[in-house]
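Fit chain F to the given chain C structure using the hints.
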Amino acid sequence: MLIVKDLHAGYGLSEVLVGTSLTVKAGTVVALIGANGAGKTTTMRAISGLITPTRGEVLLDGKPVQGLDASRVARLGLAHSPEGRKVFAPLSAEDNLLLGGFRWLPRYFGFRKKAAGDLARVYDLFPRLAERRHQLAGTLSGGEQQMLAIGRALMSRPKLMLLDEPSMGLAPVIVQEVFRTIRRLKAEGMTMLLVEQFARAALEVADHAYVMERGRIVVEGTPAELGRDERVLAAYLG
Amino acid sequence: MPFSIVAQIAVSGALMGLVYALVAYGFQLTYATSKSINFGQGELVMVSAFVSLTLINTGLPYWAVVPLGLLFGALLGLVVERTAVRLALEQKSEGWILLSIIVGLFFFSAAENIWGRDDRPFPTPIPSAPIRILGVEVTGLEISVLVGVLAIMGIIEVFKRKTLMGKAFEAVSADSDAARLMGVSASHTVMLSYALSGLVAAVAGILVSPITTVGPTMASAMILKAFSVAVVAGLDSGFGVVLVGVVLGALEGLASLYIGSGWREAPGLVLLILALAVRPTGVFGKSVIRKV
Numbered sequence: 001m002l003i004v005k006d007l008h009a010g011y012g013l014s015e016v017l018v019g020t021s022l023t024v025k026a027g028t029v030v031a032l033i034g035a036n037g038a039g040k041t042t043t044m045r046a047i048s049g050l051i052t053p054t055r056g057e058v059l060l061d062g063k064p065v066q067g068l069d070a071s072r073v074a075r076l077g078l079a080h081s082p083e084g085r086k087v088f089a090p091l092s093a094e095d096n097l098l099l100g101g102f103r104w105l106p107r108y109f110g111f112r113k114k115a116a117g118d119l120a121r122v123y124d125l126f127p128r129l130a131e132r133r134h135q136l137a138g139t140l141s142g143g144e145q146q147m148l149a150i151g152r153a154l155m156s157r158p159k160l161m162l163l164d165e166p167s168m169g170l171a172p173v174i175v176q177e178v179f180r181t182i183r184r185l186k187a188e189g190m191t192m193l194l195v196e197q198f199a200r201a202a203l204e205v206a207d208h209a210y211v212m213e214r215g216r217i218v219v220e221g222t223p224a225e226l227g228r229d230e231r232v233l234a235a236y237l238g
Numbered sequence: 001m002p003f004s005i006v007a008q009i010a011v012s013g014a015l016m017g018l019v020y021a022l023v024a025y026g027f028q029l030t031y032a033t034s035k036s037i038n039f040g041q042g043e044l045v046m047v048s049a050f051v052s053l054t055l056i057n058t059g060l061p062y063w064a065v066v067p068l069g070l071l072f073g074a075l076l077g078l079v080v081e082r083t084a085v086r087l088a089l090e091q092k093s094e095g096w097i098l099l100s101i102i103v104g105l106f107f108f109s110a111a112e113n114i115w116g117r118d119d120r121p122f123p124t125p126i127p128s129a130p131i132r133i134l135g136v137e138v139t140g141l142e143i144s145v146l147v148g149v150l151a152i153m154g155i156i157e158v159f160k161r162k163t164l165m166g167k168a169f170e171a172v173s174a175d176s177d178a179a180r181l182m183g184v185s186a187s188h189t190v191m192l193s194y195a196l197s198g199l200v201a202a203v204a205g206i207l208v209s210p211i212t213t214v215g216p217t218m219a220s221a222m223i224l225k226a227f228s229v230a231v232v233a234g235l236d237s238g239f240g241v242v243l244v245g246v247v248l249g250a251l252e253g254l255a256s257l258y259i260g261s262g263w264r265e266a267p268g269l270v271l272l273i274l275a276l277a278v279r280p281t282g283v284f285g286k287s288v289i290r291k292v
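Residue numbers (this note's numbering), protein chains in the order written: chain C, 1 to 238; chain F, 1 to 292.
A portion of the hints provided could be inaccurate.
[Claimed, not checked] The calculated DMTMM-like cross-link candidates involving lysine to aspartate or glutamate, where the alpha carbons are at most 20 Å apart (straight line), are: (1) C:K25 - C:E177; (2) C:K86 - F:D175; (3) C:K86 - F:D177; (4) C:K86 - F:E157; (5) F:K92 - C:D69.
For the record, the hints were derived by calculation from the structure and aren't laboratory data.
Chain C extracted, bound-state conformation (with noise of 0.2 Å):
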């Protein structure tokens, strides 16, 4: 589904990654984990257009995508559930939900019966989400902005999920609620790549991880093999 190779990418002169390279088969759930600043975020940013890549391959269902327009890459079916969230704050939470739908939904008039179906779906999924549908997304308090930020993404009915750091700044709780609904994304055969400061919650629900140092990737394999490894153990699970 999605196969990065020998990325390089960054800010202005600053190199973050220096030949990242990472698969996504369809259907599983891919962990990216390392420390701050290892390049996670700048990995997910350079898969799905936000920056370009300065060198290197990324292929969405075998097709080369890097240097496209975000926008572009998203109309393709790849769902990026960005850092910090970034819902639309002045738009109301049905509003944001909508947008998601862009690559598909008629542009005009319409949009709304036909968004009908997907929306009931990401209400079933978030209760919350339909109690405050009405509402300003800024006034959202943190987890719910990442209910909808997860929704937002779903309405574009993606074919690949990137979520980063969907737990970031949440009570645990509310962590946990999150990793219940990425379960149950899974179960329903939705492919993601998931970036997570909470190592060990991610490695429960990924079927394959990853882990960044620098700018590359330098361990991977599946969570059971990384949970032997002794480095990795040290650094991330201890």
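Chain F in isolation, oriented as in the chain C frame:
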């Protein structure tokens, strides 16, 4: 001074103020998507008016010229976006300020060379005979300004609130990276906003020309007032610009009546200074509530 004269002057001024509001609204449209505005917007008003006048002089009926004039305004908006704004935005520079002024100067010189420096009348089928409403005389032309300004702003507001494309507009305004992640092309949205802004400028030109005549400098004073209105009302409230525009227009009329016609431009500048001193985000500026 009899009250009827005061009321008469205030109403005429207020209707003129609606044109300032419309031009200010054009600033808001592009500011929303790109945080940039076209400093040569007045030249768009003027060139669209000249082109419409030229079309009328070829014998086309007024009602056929209006849509053509609007289309031409939208095209000019796209020209400004392409020549003055796009490259600057791509490089995250503020170069659009100077570039848009330069493009405006270019349009100004072109207009002087093509159509000359004289002011010309703009023929219209809308009757200029005054009608009495509540003791105040209002001409058909003034009513056409009222109807035209409110109609075009109403249509654009409905587009922004009721269509998904309009919501995408607001999404780009709120967070353009996140909007790109939804599949919204930020560059197309910016182009669309410049086309709409040009169209709005053309509406202003066509509405105001029969009253003020058409000439290269017809919009130079208007654009200053539109700036004042945009700054006082804030760059995100369509309702705000209408209110501030109407008040400013009325104040201008009253200033020239009570203090002297040389003081006509004063209220706009006084309002601008007051607004910047007291509330720099604009009287109707939204402060976005954000929880983390």
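Okay, the hints, checked on the actual structure:
1. C:K25 - C:E177: 25 Å, violated
2. C:K86 - F:D175: 7 Å, holds
3. C:K86 - F:D177: 9 Å, holds
4. C:K86 - F:E157: Roughly 25 Å between the alpha carbons, so the hint for K86 (chain C) and E157 (chain F) is violated.
5. F:K92 - C:D69: Distance ~16 Å between K92 (chain F) and D69 (chain C) Cα, so the pair holds.
Checked against the numbered hints above, the structure breaks hints 1 and 4 and satisfies the rest.
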